[in-house]
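Trainee: Here the structure of chain X is known, so what remains is to put chain A in place on it, guided by the hints.
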Amino acid sequence: MAKLPLIFTVNGAEQAEFVDGDALLVDVLRDKLGMTGTRVGCGQGTCGACTVLIDGAPALSCLTLAVRANGKDVTTVEGLAMGGTLHALQTAFAEGFATQCGFCTSGMLVAAKALLDRDPDPDRDAVVDAISGNICRCTGYEPIINAILAAAADLRGARSA
Amino acid sequence: MEHVREFFAAERGDDGKAVGTSLARSDALGHVTGQTQFYADRQFPGMLHLKMVRSPHHHARIRSLDTSEAEKLPGVVRVITHKDVPANVYTILRLIQVEPNDEPVLAEDKVRFKGEQVVAILAESEAVAREAVARVKVDYEELPAVFDVEEALKPGAPLVNEYHGHNWFTYEGHHCRRVRHGDVEKGFAEADHVIEERYESSPIEHAPVETTGCIVVPEANGRLTCYSNTQALFFTLDNAGLILNVPFQKLRLIGGTVGGGFGGKVDVITEPVAMLGAMLTGRPVKYAYSREEEMQVSSPRAAERLYIKDGVMNDGRIVARKVRLYVDAGAYSRHSPYGTTKASAHMPGPYTIPNVSVDAHCVYTNRTPSSAMRGFGVTIGDFALEVQMDKLARLVGMDPIAFRIRNAYRDGDMKAHGELTKGAALVETMQAAAQIAGWPISAEDAAASSTRAGG
Numbered sequence: 015m016a017k018l019p020l021i022f023t024v025n026g027a028e029q030a031e032f033v034d035g036d037a038l039l040v041d042v043l044r045d046k047l048g049m050t051g052t053r054v055g056c057g058q059g060t061c062g063a064c065t066v067l068i069d070g071a072p073a074l075s076c077l078t079l080a081v082r083a084n085g086k087d088v089t090t091v092e093g094l095a096m097g098g099t100l101h102a103l104q105t106a107f108a109e110g111f112a113t114q115c116g117f118c119t120s121g122m123l124v125a126a127k128a129l130l131d132r133d134p135d136p137d138r139d140a141v142v143d144a145i146s147g148n149i150c151r152c153t154g155y156e157p158i159i160n161a162i163l164a165a166a167a168d169l170r171g172a173r174s175a
Numbered sequence: 004m005e006h007v008r009e010f011f012a013a014e015r016g017d018d019g020k021a022v023g024t025s026l027a028r029s030d031a032l033g034h035v036t037g038q039t040q041f042y043a044d045r046q047f048p049g050m051l052h053l054k055m056v057r058s059p060h061h062h063a064r065i066r067s068l069d070t071s072e073a074e075k076l077p078g079v080v081r082v083i084t085h086k087d088v089p090a091n092v093y094t095i096l097r098l099i100q101v102e103p104n105d106e107p108v109l110a111e112d113k114v115r116f117k118g119e120q121v122v123a124i125l126a127e128s129e130a131v132a133r134e135a136v137a138r139v140k141v142d143y144e145e146l147p148a149v150f151d152v153e154e155a156l157k158p159g160a161p162l163v164n165e166y167h168g169h170n171w172f173t174y175e176g177h178h179c180r181r182v183r184h185g186d187v188e189k190g191f192a193e194a195d196h197v198i199e200e201r202y203e204s205s206p207i208e209h210a211p212v213e214t215t216g217c218i219v220v221p222e223a224n225g226r227l228t229c230y231s232n233t234q235a236l237f238f239t240l241d242n243a244g245l246i247l248n249v250p251f252q253k254l255r256l257i258g259g260t261v262g263g264g265f266g267g268k269v270d271v272i273t274e275p276v277a278m279l280g281a282m283l284t285g286r287p288v289k290y291a292y293s294r295e296e297e298m299q300v301s302s303p304r305a306a307e308r309l310y311i312k313d314g315v316m317n318d319g320r321i322v323a324r325k326v327r328l329y330v331d332a333g334a335y336s337r338h339s340p341y342g343t344t345k346a347s348a349h350m351p352g353p354y355t356i357p358n359v360s361v362d363a364h365c366v367y368t369n370r371t372p373s374s375a376m377r378g379f380g381v382t383i384g385d386f387a388l389e390v391q392m393d394k395l396a397r398l399v400g401m402d403p404i405a406f407r408i409r410n411a412y413r414d415g416d417m418k419a420h421g422e423l424t425k426g427a428a429l430v431e432t433m434q435a436a437a438q439i440a441g442w443p444i445s446a447e448d449a450a451a452s453s454t455r456a457g458g
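Residue numbers (our numbering), protein chains in the order written: chain X, 15 to 175; chain A, 4 to 458.
Just chain X, same shape as in the assembly:
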């Protein structure tokens, strides 16, 4: 199969790869770039573990052809912390016991970031809606919802301070 060029930005850094036309974005991130924080839970677009941001919008990287990301800006869980400082969502998830096995965590964090970037003061329903495409089998969701609301408040406080 002929390889196609893929030039895109991942977590702020430009990347260039030659990929198969049927290569999936998640496989390029994991296997070629070594960013294994993005997980594969179903390969069918139903669990949300592979969620990344493409130009700021959440996307299922297990259903996205890698070449579709050409020229785009991709954010993964590895891009949330800035210069060694955790994102408020990461701190809130860790402190609020919003992780158990950790397999859904990356996708949850990325979906939540998309929400908070768009809406800094979401209500509970908006949070539930934002993670409605992400399955967690451990926590029962409540700690995750609370952590996202706590992170939103934290970010608002930091902005107004």
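Simulated from the structure, these hints should not be mistaken for lab results. Do not rely on the hints blindly, as some may be mistaken.
Unchecked claim - The calculated lysine to aspartate or glutamate pairs, modelled on EDC-like cross-linking and capped at a C-alpha distance of 20 Å, are:
1. K46(X) x E127(A)
2. K46(X) x D87(X)
3. K46(X) x D44(A)
Claimed, not checked - One side of the interface only, derived from the structure: several residues of chain A facing chain X at Cβ under 10 Å:
4. L32
5. Q38
6. P211
7. T214
8. N248
9. G258
10. V261
Ideal placement from N, C-alpha and C gives every residue a C-beta, glycine not left out.
Mentor: Frame of chain X, contents of chain A only:
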């Protein structure tokens, strides 16, 4: 609580300071940064992908097997059948003396459930492996299948598992695990009321977000390193050693990071065949369930059916309880003989009843083999028992909490399976629950204690 302190004396400080404090999870930072390494996050040069030819039938004889077209496909490196497996037939709990071995790693002359492993394909890519799976020709003669535990026990039912010779697991010469305490028929004869109810549950799939799988790497020193998400590293190591007929020290299991288990990852299914693939090819092998495989072939919680017959007095004392309990093991034993024993020992619930009889059947059917899941053998029984307790309370016109306190076991009471009760806390737990829920209880029940004889 003295016995708890005694059992755990060596394991913790007894300063009582851990309870009530919030301790950070040691793995949380890895999880939130994406740095936690699950087994599939490792890459090895030359890694092969293993895909499985699976039975499309619930029950069928294998007349013939033709892998020639699959072998011709470019990118296919090796095809594995049961003939390649050094000791093909096993059962996981043989490590704790459960007999007989009743499950093939790869099917031999028969398949006993839909999705059973028949032929393993090793290929350079997942896509090639999948294509090769489709090219394997298996000639099946379909056999009558049985899907119901009571149907399976009737004379003339299709025989599911020849290694047992009948559709039940044998407990020390008996067709079920039995508990006998007092004289249950005498109890029923003396009771003011006798009722019998039937309870039933479906299989439940754990559906972990990370599917079951492993990667096996042949090392230069002749060992195999297996990165697995199993919940049972030592079950896996020991069973794999026996299946592959290699010394245990030749196998190195690395795990502990499990993307959701809930009991669904305690069977030993993917590792032995991936290890064999690595031995036969000298290359790393990855065997990961697809989501569809996780749902179809990984062991669920067993379906159970219970008949509970109780004799109860007008004053609320239960004087006799007879339980017939069926655990649907599916086609193979896995953890169900143990789960069924646990189910029998759990009866008649946390209540002191002078006359108890339990028959707990571990039954083979042509359904997906069932295995461990959070409190297996106990959870469904508890559901049935507690619904039954509410029905009995209504029958004798008692408050459900008062009815349970009346019958709750107390320290020193003899349990049906012959152990003396100690460390009971049911009465105190119900008192606390009633208080939190604002549920009124009588002064007498509020003063009741697990250390004093009950009603």
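Trainee: Please list, smallest to largest, the hint numbers that this structure does not respect.
Mentor: Per hint list: 8, 9 violated.
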